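S.K.: Just so you know, the protein sequences line up as chains F and W, in that order. When we follow the working numbering, the leftmost residue of the first sequence carries the number 443, and every step to the right adds one. When we follow the working numbering, the leftmost residue of the second sequence carries the number 5, and every step to the right adds one.
Worth flagging that the hints you see were computed from the coordinates, not collected in a lab. Note that the coordinates shown come from a computational prediction; the quantities given were computed from them, not determined experimentally. We treat Cβ as the ideally placed atom computed from N, Cα and C, and that holds for glycine. Check the hints yourself; a few may be wrong.
Stated by the list, open to error - With a cut-off of at most 30 Å between alpha-carbon atoms, the simulated DSBU-like pairs for lysine-lysine come out as follows:
#1 Lys135/W with Lys121/W
#2 Lys57/W with Lys580/F
#3 Lys135/W with Lys46/W
#4 Lys46/W with Lys143/W
#5 Lys512/F with Lys12/W
#6 Lys509/F with Lys12/W
Claimed, not checked - If we take Cβ atoms under 8 Å as the criterion, some of the chain W residues that face chain F in the derived model are:
#7 Val24
#8 Pro37
#9 Leu53
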Amino acid sequence: MLNQKKLIVSHAPFCHDGSSISVRSYHMMIAALPAVLFGFFQYGINAVGVVALSISFAIIWELAINKVTKRSISIGDGNTALIGLLFAMLLPATSPWWLVITGTFVAVVIGKHIFGGIGGNPFNPVLIGLAILMVSWKDFFDFDQALLNYDLGFAMVYPLAAVKHLGTPGIEAFSTGGLLLGQQSGGIGATFGLGLILGGIYLIVRGFIRWEISISFLAGIFITALLFNLNNPTLHAGPLFHLFTGYTLIGAFFLASEDSSSPVNFIPMLIYGAGAGIMTVLVRNLGSYVDGVVFAILLMNLINPIVDKIRPKALGKVV
Amino acid sequence: MTPQKELKLAYSLTIILLVVGVISYAAAPAKTPDEPVRMMFKVVAGNVLFDHKTHTVETGYGLACIDCHHHRAEDEEEEPFLACGYCHQIPKEGEALPQSCVECHEPDEIEDTEMIKRADAFHSQCEECHKDAGIGPVKDEERCAWCHFMM
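Just chain F, with the same shape it has in the complex (with noise of 0.2 Å):
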């Protein structure tokens, strides 16, 4: 009995399993290329000159403070790329060429490296560039605004706003089915409903995303929708409505479950993520933003460290 073997660790040399940052960052960027490839479809050239500059700038400015700084080269580990390319996918494809190149500056350098690097950044880099840039120039991220020369054809303005300003009589020409099938205005890469949840459960399924958060902020949104539609049902959309548009599953798959930014334990992460979702939806009912879910992921980002210190009592341990 004594003699029972439960964990047999042997001695070194260990076998390397191939798993790195690099491999992790690199599937994050191959499980939003479906959502991107439907913005380039949509939107042309123009989508693909956004996510092409938003990507090679990020990379450019994270060697550039690493030079600065004095630091060892970082670039290889594809974390910044990624930053990159979701800060293009929540852009309407009509940015301009400077927004694009301030909004991946504000994202690397204040988002990430002020705070020490990869790993140290106390919020979301991509939703740290996007608030910044949405606060400073909101012209340019009114979607009905940007995207006015377009004609998909189908509804053409933006669903988050129509609701907002006409209620629900105001988005009768959308159907669930059409907008997960991304027939709706918005950024290049966050209208493609069916990629994003592809592409989030590919990760889930790899591991490299934490389905509690994920879920637990669908899940705070479509609670927090469906009570504000049963309320008001021609004011407040339903809560499919609110799934599907919006930056709802990229923030879901894509931003809410960035590592550093989000809480490791169980519950916390629950918490984290249904305060997120209520957060979003209350921003978009009540609140003067179109679209909630920039300032909710970052305001649950704030509390962060204060969630996880919700964990398991230690063994023995009285009060």
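Please arrange chain W on chain F, whose structure you already have, making use of the hints.
M.R.: Just chain W now, with coordinates in the frame of chain F:
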């Protein structure tokens, strides 16, 4: 992947995408079609998103150009249509008519000596037509918000 290979991948990604990005931006300047699809009128009372295409296509309201762009006489068919704000603007101080009118007409040729503002022109034009067609706000309190999106 070894760190050297990762670095090489990142460098090549940067160069390729930078070239692609610059070419895409250069090749695709912001497109502005001859006939607008949608237009955004920016006003203090809330921006108005005007769907030009819905008003013109047969599956929409199917209006003729001349129904709204009323400035063109029959013998001027070759002339291009002008934007509403080209004529409907507040005259400069000391002028009875905006500069755009007297570019073509002698002041005594024009019957109405005062040009109505663009906002008034839109309000009367949009509201009258929508009222006749029975498309639009039913209740009085919905009148503003039907077109103006308050941000």
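S.K.: Check each numbered hint against the structure and report the violated ones by number, ascending.
M.R.: none
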